[in-house]
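Based on the sequences and whatever the hints tell you, model everything.
Here the protein sequences come in this chain order: C and V. Residue 1 is where the first sequence starts when you use my numbering, and the numbers rise one by one after that. Residue 1 is where the second sequence starts when you use my numbering, and the numbers rise one by one after that.
In short, the hints are calculated from the structure, not lab data. Just so it is clear, the structure is predicted and the values come from calculations on it, not from any experiment. Check before you lean on any hint, since a few could be wrong.
[What the hints assert, rightly or not] Sample of chain V residues facing chain C (criterion: CB under 8 Å; computed from the structure):
#1 Leu13
#2 Trp15
#3 Val20
#4 Thr22
#5 Ala39
#6 Lys48
#7 Ala50
#8 Leu54
#9 Ile70
[Claimed, not checked] Cβ pair distances, simulated, as ranges:
#10 C:Ala30 / V:Leu31: 46 to 56 Å
#11 C:Asn192 / V:Gly8: 46 to 56 Å
#12 C:Leu49 / V:Ala71: 20 to 30 Å
#13 C:Leu49 / V:Val75: 15 to 25 Å
#14 C:Leu33 / V:Gly7: 23 to 33 Å
#15 C:Val74 / V:Leu36: 19 to 29 Å
#16 C:Ile75 / V:Ala17: 34 to 44 Å
#17 V:Gly7 / C:Asn192: 30 to 40 Å
[Said to hold, decoys possible] Sample of chain C residues with no beta-carbon within 12 Å of chain V, all distances over it, derived:
#18 Leu65
#19 Ser89
#20 Val125
#21 Gly171
#22 Arg185
#23 Leu201
#24 Leu216
Ideal placement from N, C-alpha and C gives every residue a C-beta, glycine not left out.
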Amino acid sequence: MSDRAHAAEPAHGEVAVAEHFEDLARQHHAVRLGMWVFLSSETLLFAALFALFAAYRAMYPAEFLAASHHNDVVIGTANTAILITSSFSVAWALHSVRHGARRVAGLSLGITVTLGAVFLCLKLVEYVDHFRHGIYPGAHYAFAELPSHGANMFFTLYYFLTGLHALHVIGGMTFLALLIRPVVRGKYGEANHVLVENGALYWHLVDLIWIFLWPLLYLVG
Amino acid sequence: MATRRLGGLSYVLAWLALLVLTAASLGAAQLPLGALAPAVALGIASVKAAIVLLVFMHLLESSVPVRVVIATALVFIVLLALGVVADVVTR
Numbered sequence: 001m002s003d004r005a006h007a008a009e010p011a012h013g014e015v016a017v018a019e020h021f022e023d024l025a026r027q028h029h030a031v032r033l034g035m036w037v038f039l040s041s042e043t044l045l046f047a048a049l050f051a052l053f054a055a056y057r058a059m060y061p062a063e064f065l066a067a068s069h070h071n072d073v074v075i076g077t078a079n080t081a082i083l084i085t086s087s088f089s090v091a092w093a094l095h096s097v098r099h100g101a102r103r104v105a106g107l108s109l110g111i112t113v114t115l116g117a118v119f120l121c122l123k124l125v126e127y128v129d130h131f132r133h134g135i136y137p138g139a140h141y142a143f144a145e146l147p148s149h150g151a152n153m154f155f156t157l158y159y160f161l162t163g164l165h166a167l168h169v170i171g172g173m174t175f176l177a178l179l180i181r182p183v184v185r186g187k188y189g190e191a192n193h194v195l196v197e198n199g200a201l202y203w204h205l206v207d208l209i210w211i212f213l214w215p216l217l218y219l220v221g
Numbered sequence: 001m002a003t004r005r006l007g008g009l010s011y012v013l014a015w016l017a018l019l020v021l022t023a024a025s026l027g028a029a030q031l032p033l034g035a036l037a038p039a040v041a042l043g044i045a046s047v048k049a050a051i052v053l054l055v056f057m058h059l060l061e062s063s064v065p066v067r068v069v070i071a072t073a074l075v076f077i078v079l080l081a082l083g084v085v086a087d088v089v090t091r
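Set out below in structure tokens:
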């Protein structure tokens, strides 16, 4: 009934096709599509939080405006530029993998991970500065300058949104970092790059989410 | 299955465009746009998102099923946003 030809051991360097796929191209298509379905579910997760932010903003417009002024626009904008550049470097990494430029690909992945680390360091600087002013999430909020409930909601949502985003940054960094060694060793190429592509797609999603977070949290004023 | 392949130059151009749009967004935030400010900010963000999706994430050369998946997500995000806004605004 089914063709058992590709149930045999693959030659060294080749990729085995799973039994339920006709060929490698279809398997990669399924892997890629599965990644997009996962990414779409992630966007819905953040969309729910964005909707929550929009609802509270509609309820406390003045407090949200005042609170957003206490976010550092310089750091926020720098982080935006950092993530945009990291998207470029991970796209370049995939491009290099597909063209067989192993070392450039490994270097580009390394740059991406490093930029992610810089992003997280800047966020830590921001969080520490907020803590020093008594800006904590939820019930622990103790910001004397803006004691209103609306300001509390702004910062609670700020921590929730940026914290969840930071977790995604860490996840993406981990995945990309683990890819560096096999990429440099030439495990992936034009015929077999879908894992690197999926790592890059996840990283672009992290950038996409921040592209919308930045104006809402830093440019409202 | 991929159709056309974008060259390396398109990544560089996309990156530069994203940085320019970021600067534009920052500039627009300084202007006294009043009620239009969030719309302008989100509008620019949407253009940046489109560039990331189409160029970096290769949506321009993606198969139809992938595009259907994204379109579906976008439709439901819009529905969610409309639902929440309608709730809050009509209280």
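Check each numbered hint against the structure and report the violated ones by number, ascending. When the structure is compared with the hints, numbers 1, 3, 5, 7, 8, 11, 16, 17, 18, 19, 23, 24 turn out to be violated.
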